[in-house]
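J.: What follows is the residue order along each chain.
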Amino acid sequence: MVIVEFLGPINKDDMKLDIKNLSELSEILKNDKEISSWLETCAVAINDTLICTKDFDLTDGDKISLLPPVCGG
Amino acid sequence: MIMDNRKDFLQLFDGSLPVEQITNSWYDKYKNSNFGAIITFVGVVRDENKIDGLSFDIYEPILNSWFDLWQKKAKENNAIVLMAHSRGDVFNHESSYIAGVCSPKRRVALELIDEFVEDFKAQAPIWKYDIIDNQRVYAKDRSTAINGAGILS
Chain A
1079 MVIVEFLGPI NKDDMKLDIK NLSELSEILK NDKEISSWLE TCAVAINDTL ICTKDFDLTD
1139 GDKISLLPPV CGG
Chain B
497 MIMDNRKDFL QLFDGSLPVE QITNSWYDKY KNSNFGAIIT FVGVVRDENK IDGLSFDIYE
557 PILNSWFDLW QKKAKENNAI VLMAHSRGDV FNHESSYIAG VCSPKRRVAL ELIDEFVEDF
617 KAQAPIWKYD IIDNQRVYAK DRSTAINGAG ILS
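These protein sequence lines are chains A and B, in that order.
Quick note: to get the working numbering, add 1078 to the position in the first sequence (first position is 1).
Quick note: to get the working numbering, add 496 to the position in the second sequence (first position is 1).
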């Protein structure tokens, strides 16, 4: 089981999913009407480290964060 | 001289920043450290587009790792970077963001503050909302996707 959290303006509760990799997550989120439009501009972090590839195996307890476009200052 | 504790360099505040307190404390702390150049950039919320102010969300774990990379880069130039930022609401004509660089050399400081502020705007995990009629409206048009965004699309 992994936890998926949606940061900043994405108004969505955490999801708990039984998935093994990010390709599975991608398919689930593409079919989620609340989130699908965010995917193109969201960065992804696993356990608080940003990643740049979908080729990533997940381990039980991992936390996956989706970070939409930013604007500090 | 440096790197004892991130909290000495990166400070987050609820609401607007006490600018004089922050910048004076940085100056007092580092004026005797033989840095020939101390630069601060103070961001002030402008009254525009009928907003009453701005509001901010921050994701601290990734902000911390982003900041640590900048501190490492600054250290390679014998410099340090400093930053203060607001959480929550900041009203017009108040400050939400201060960046600082202390360096032995002027040129290093000027270049580093430019790169540090620009990378902050593009990569730091902070989300901005306009405050309009007591509602928070995500500043989508002014936001930038973080490097590597889109891998799940």
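Simulated from the structure, these hints should not be mistaken for laboratory data.
Please read these numbers as outputs of a predicted model, since none were measured by experiment.
There may be inaccurate statements among the hints.
What the hints assert, rightly or not - Residues from chain B shown here face chain A by an in silico Cβ test under 10 angstroms; the list is partial:
1. Ala533
2. Tyr555
3. Ala618
4. Arg638
5. Ile647
The beta carbon of each residue, even a glycine, is placed where N, CA and C say it ideally should be.
J.: Could you run down the list of hints and mark each one as holding or not?
T.: Against the structure, the hints come out as follows:
no., hint, result
1, Ala533, "violated, 22 angstroms"
2, Tyr555, "holds, 5 angstroms"
3, Ala618, "holds, 7 angstroms"
4, Arg638, "holds, 5 angstroms"
5, Ile647, "holds, 5 angstroms"
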